[in-house]
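*Asks:* Listed here are the chains, written in short residue letters.
Number of protein chains: 2
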Amino acid sequence: MAKHLAKDSVEPQLVPGKLRFYSMRYCPYAQRVQLVLNAKKIPHDPVFINLSDKPEWYLNIFPAGKVPALIYDGKFLSESLHLADFLDEQYPEPPLWKNGPLQKILDKIFIESFGKVTSAFYKLMMTTPELEKSNFNELVESLKPVEDELAQRDSKYFGGSSPQMIDYMIWPWFERFDSIEPVSKGLFIFPLDKFPKLEKWKNAMVAEEAVAAYHLPPDKHAQHFIYRKSGLPAAFNF
Amino acid sequence: MAKHLAKDSVEPQLVPGKLRFYSMRYCPYAQRVQLVLNAKKIPHDPVFINLSDKPEWYLNIFPAGKVPALIYDGKFLSESLHLADFLDEQYPEPPLWKNGPLQKILDKIFIESFGKVTSAFYKLMMTTPELEKSNFNELVESLKPVEDELAQRDSKYFGGSSPQMIDYMIWPWFERFDSIEPVSKGLFIFPLDKFPKLEKWKNAMVAEEAVAAYHLPPDKHAQHFIYRKSGLPAAFNF
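Protein chains in written order, with this note's numbering: chain C, 1 to 238; chain Z, 1 to 238.
Some hints could be false.
The list makes no distinction among identical chains, and a pair is therefore deemed to hold if it is satisfied within one copy or across any two copies.
[Claimed, not checked] Derived DSS-like pairs (lysine-lysine); straight-line CA-CA distance at most 25 Å: (1) K197 to K144; (2) K144 to K54; (3) K156 to K75; (4) K41 to K116; (5) K98 to K229; (6) K133 to K98; (7) K66 to K116; (8) K3 to K144; (9) K75 to K144; (10) K75 to K197; (11) K41 to K54; (12) K54 to K66.
Rather than coming from a laboratory, the hints here were simulated on the basis of the structure.
Between the sequences and the hints, there should be enough to build the whole structure, so can you do that?
*Replies:* Quick look at the structure:
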């Protein structure tokens with residue numbers, strides 16, 4: 001489905017008029033940038049990198065070998081949150097930080113605090129062969145302040161009446177929560193019904209054009225987690 | 001010289017018309033924000049926090065208990081780079097990201113890569129009782145890409161003809177390099193003459209109004225490092 005370039009690949013030529021976007025189809029950080037590209041309808045040329053068997057040409061450009069990254073005007077740019085901000089400034093329409101400087105820093109602090117959720121999710125999915133109850137509980141617990149935040153904002157999206165940067169930056173993990181069920185063979189199901197605000201928000205988000213265009217079903221994400229844990233090279237190509 | 005509030009202190013009342021700025025006189029991250037406040041001449045009310053014996057009232061507002069932080073419009077805001085960006089957007093004059101979105105993200109990536117320098121400096125000054133040659137060499141080595149960057153930019157400041165955010169964000173560590181000599185009792189002296197571009201830049205920076213107003217001499221920084229390593233409570237008040 002998504003071909004990921006590996007060690008012996010050749011660097012694809014840049015496509016005139018399109019931003020080169022180095023990505024990985026199952027990477028939540030790359031998805032953040034993809035959502036911004038989609039929301040702003042920025043012409044781009046995605047190149048997927050096999051992170052288990054990195055292309056030599058990619059390591060030559062970027063020794064850290066990470067995604068997401070963009071090439072803009074010949075410059076290599078990295079880090080999802082920096083890329084999101086850069087795209088918002090370089091391509092102002094529609095603005096994704098429309099609520100002013102104070103709300104922007106508050107949202108950035110919130111996005112950083114969301115690191116508790118991303119760590120808990122990673123720990124649940126990746127650090128032990130079987131999914132563990134204590135890790136599952138930790139993940140569920142980590143979502144409580146997120147539900148509270150949305151309740152306090154009392155808006156459809158975290159950003160107000162339309163999705164803003166904050167919504168796109170946290171979305172990729174919500175898409176993946178549904179893969180907990182197939183990965184755990186039905187043992188754990190993310191209890192979204194315990195988070196009524198987030199449940200409504202998630203339903204609204206998945207219907208958004210920018211989100212829907214890159215959405216993957218739970219079994220695809222599940223397959224990636226299972227492959228990655230097994231160490232199979234197929235992890236990046238299916 | 002600078003009174004730092006400790007455990008049993010009382011939260012000082014906000015000063016009308018001034019931003020409350022939670023700081024620590026010897027913290028390089030707090031200094032970043034101080035430099036932006038100075039450069040933009042933003043009225044502020046600094047409150048120094050004793051980080052070895054944190055005030056209970058501060059932990060109640062901010063459980064992480066870190067500095068720097070600001071209170072703006074009743075909201076508690078933290079993280080030096082976020083605060084710097086917030087101040088630049090909320091108080092646009094003079095602009096400190098004046099070179100456009102592309103240069104801004106390149107500078108942000110550079111500021112992050114400067115983490116190698118800050119880690120090497122911390123390791124040299126704080127992790128062993130005596131300063132070690134290998135750590136000193138590592139610090140010197142970490143400055144080479146910084147010298148190269150300034151040489152490539154071929155401008156007086158990293159930001160061009162005037163100091164920009166990038167200059168202020170990395171400055172605090174350069175101020176502290178001179179304290180290596182007194183802390184090591186003359187054993188190590190930072191070889192700034194091996195970095196001619198940085199040497200000129202440093203001389204220009206220290207003469208800048210925003211920098212000079214908060215500059216401390218090497219022996220003050222040295223005293224703080226020595227106190228901190230000894231674990232003496234005096235570390236924050238002298």
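*Asks:* If a hint holds in the structure, say so; if it does not, say that too.
*Replies:* We went through each hint and held it up to the structure:
1. Proximity of K197 and K144 under a CA criterion of 25 Å is satisfied intra-copy only: 11 Å inside one chain copy versus 51 Å between copies.
2. Neither within a single protomer nor between protomers do K144 and K54 lie at most 25 Å apart by alpha-carbon distance, with minima of 37 Å and 28 Å respectively.
3. Proximity of K156 and K75 under a CA criterion of 25 Å is satisfied inter-copy only: 22 Å between copies versus 37 Å inside one chain copy.
4. Taking the closest pair of Cα atoms, K41 and K116 never come within 25 Å of each other, the shortest separation being 31 Å inside a single copy and 36 Å across copies.
5. Taking the shortest alpha-carbon separations for K98 and K229, neither the intra-copy value of 40 Å nor the inter-copy value of 46 Å comes in at or below 25 Å.
6. In this homomeric assembly, K133 and K98 never come within 25 Å of each other (Cα to Cα): the closest approach is 40 Å inside a single copy and 51 Å across copies.
7. For a Cα distance limit of 25 Å, the shortest separation of K66 from K116 qualifies both inside one copy, at 21 Å, and across copies, at 18 Å.
8. For a Cα distance limit of 25 Å, the shortest separation of K3 from K144 qualifies neither inside one copy, at 37 Å, nor across copies, at 39 Å.
9. Taking CA atoms no more than 25 Å apart as the test, K75 paired with K144 passes between copies only; the shortest distance there is 21 Å, against 40 Å inside one copy.
10. Taking the closest pair of Cα atoms, K75 and K197 come within 25 Å of each other only across two copies (24 Å); inside a single copy the shortest separation is 41 Å, beyond that limit.
11. Proximity of K41 and K54 under a CA criterion of 25 Å is satisfied in neither setting, with 29 Å inside one chain copy and 48 Å between copies.
12. For the homomeric pair K54 and K66, the shortest alpha-carbon distance inside one copy (9 Å) is at most 25 Å, but the shortest distance between copies (38 Å) is not.
In summary, the numbered hints that this structure violates are 2, 4, 5, 6, 8, 11.
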